[in-house]
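Following the hints, position chain C against chain U.
Heads up: the sequence lines are chains U and C, in that order. Using the numbering used here, the first residue of the first sequence is number 1045, and each one after it goes up by one. Using the numbering used here, the first residue of the second sequence is number 252, and each one after it goes up by one.
It is possible that part of the hints are untrue.
Said to hold, decoys possible - Here are the simulated EDC-like cross-link-like pairs (lysine to aspartate or glutamate), alpha carbons at most 20 Å apart as the crow flies: (1) C:Lys346 / U:Asp1148; (2) U:Lys1144 / C:Glu431; (3) U:Lys1144 / C:Asp361; (4) C:Lys355 / U:Glu1167; (5) C:Lys346 / U:Asp1156; (6) C:Lys529 / C:Glu517; (7) C:Lys355 / U:Asp1076.
The set of hints was computed from the structure by calculation and includes no laboratory data. Since we're looking at a predicted model, the values are computed, not measured.
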Amino acid sequence: MSGMGRQFLRYLRLLGVQVRASVLLALQYRGDFLVDGPLSLLWALTAVSPLLVVYRDRAVLAGWSFGEALFVTGWFLLLTAVVEGTINPSLTAVVDHVRKGTLDFVLMKPADAQFLVSTAKFEPWKMNHVLTSAGIFTWGFVTLGRGPTALGLLQAALLLLTATVLLYSLWILTVSAAFYVVKVDNLTYLFSSLFDAARWPSSFFPGPLRFVFTAIIPLAVLTTFPAEAMLGRLEGRHLLGAMVAAAAFSALARAAWRRSLAQYTSASS
Amino acid sequence: MISVHGLKKHFRVHKRPPGLKAAVASLFSREYTTVKAVDGISFDIRPGERVGFLGPNGAGKTTTLKILSGLLYPSEGDVRVDGHLPQAREEAFLKKVMLVMGQKQQLLWDLPPAETFELNRAVYDVPREQFRKTLEELTQLLELGDLVNKPTRQLSLGERMKCELAAALIHRPKVLFLDEPTIGLDVSMQMVMRDFIKRYNEETGATLILTSHYMDDVAALCPRVVVIDKGQLSYDGSLDALVQRVRPEKRVVLHLGGPVERQQLESLGQVVSLEAGKAVLQVPQAGLSQALSRALAGLPVTDLNVENAPLEEVVSELFSRSRAAREAEAQA
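Bound conformation, chain U alone:
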């Protein structure tokens, strides 16, 4: 096997060990599962209720019917599960590591530090939201009176990957700031508030905001594009744009992380 293949397998094994530790931890706190289930349903209702209000006396808004807008809400819930279950727990711990100085232990390990900190903790119970979002997608298809197409599902799967990479990269950029400023709470709140706007189709926003949420902070890539893919109306250039954005943001995040680590180890002095 080639050196790269061996490395890939090694990191896959490492991921397995880290996931195992998280699952063991989650099983210790099975109460979380019992609480998270109903909470996830409540959260879904909260996420859908603004749609019910908006569509009470109109059938279509900014080109989206109620049934279609449900897909954006479903994707918003699905990505919330991805963020809260796989990205957020590990990366908030990095801020603690930097503050307490325990990042030293991570840096002394013979493996990529970004990989180690990013896979340190998962919260499996947050995957409840995945089931809830699947329920919302079903509701959307039933409302529209049709099912998904194979191409639409394939495009949606690709966009789930690009959205996850984008969200992860945005988080790494935020966490990289933790090396320079002690308090990054404000940045994480800003991140959460911005992400909240992704619950709406991007065309709901007026011109300048729509531009910002598509071209600068790629919220449209996160929820609007995948919803359009599931509805079978995604434009090819949007899929390509999402992939380019994901690649660009991950490269930017990697560069920021490396720069922050160099600052931590005072490579510059």
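Just chain C now, with coordinates in the frame of chain U:
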């Protein structure tokens, strides 16, 4: 194994002015100052040596350890650990070294230490069979027993520290940096840790650098000490020679069967302490045998011990001497 030549580590830090007005002004224009944490030290350490780093707080001990373990880049100088440049942080280097910090922990807090061991096994790519054997040995030597299967948060500080050491040694590092490994532990646990560290060194031939404020750790573990003060090397040699150089006098502890006058004792040497039934004298090496025979002949001595001055005193005197020398140099 370790060679350090002309090592310097200077940090550029923001000068914090006193007062609100100056603090507001510093938001717009800042003055910086250079802190010389390590300022030109050199030493070599042979494979398998146990070396103690001594120095007051802020002397540069931890900075040096962090440079040796690849966590900090040196500002100047050449540092090699088993042929590697630590700051390059090559995988081969990281697999050979380990840093144990008594004040920080790597164990997963909510899970049993066994999970951290398993994680380290995967990170360090330790073959299963070797891992099982090492863990068995560590469990036996450190008397870990069932501790490894209890959640870390339920362990006492001493139990946690034993597991920390085990986690650090899963990959059998050739070089071990120990930064205050016994801090906060009770006396018996300190002894357990010391015995284990010494045994690990003897059985594996690992090179060991230790920093500790507990002089008993240094005395028990390190035949050689490197003293760093204000970023500079003020002594490098054997512990015995350090004691001889700084405090050549011997301590004579007399256990007395009846009362004695202070004057009688002062005629034998400097009185360090005098209490009912016990007196401690400081006597020059040259006059030791004469003082002992006079004490035995003229005082109600029931028992006596001859010792070196406590290491704490030796080190404290060394620090105050080098401080005085620096002040004199600055004034000249």
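Cross-check of the supplied hints:
1. C:Lys346 / U:Asp1148: The given pair, whose Cα atoms are some 15 Å apart, holds under the 20 Å limit.
2. U:Lys1144 / C:Glu431: Roughly 16 Å between the alpha carbons, so the hint for lysine 1144 of chain U and glutamate 431 of chain C holds.
3. U:Lys1144 / C:Asp361: holds (18 Å)
4. C:Lys355 / U:Glu1167: At roughly 25 Å apart (the allowed maximum being 20 Å), glutamate 1167 of chain U and lysine 355 of chain C break the hint.
5. C:Lys346 / U:Asp1156: holds (13 Å)
6. C:Lys529 / C:Glu517: Holds. Lysine 529 of chain C to glutamate 517 of chain C sits at ~14 Å (cutoff 20 Å).
7. C:Lys355 / U:Asp1076: violated (29 Å)
Hint compliance for this structure: hints 4, 7 are broken, all remaining hints hold.
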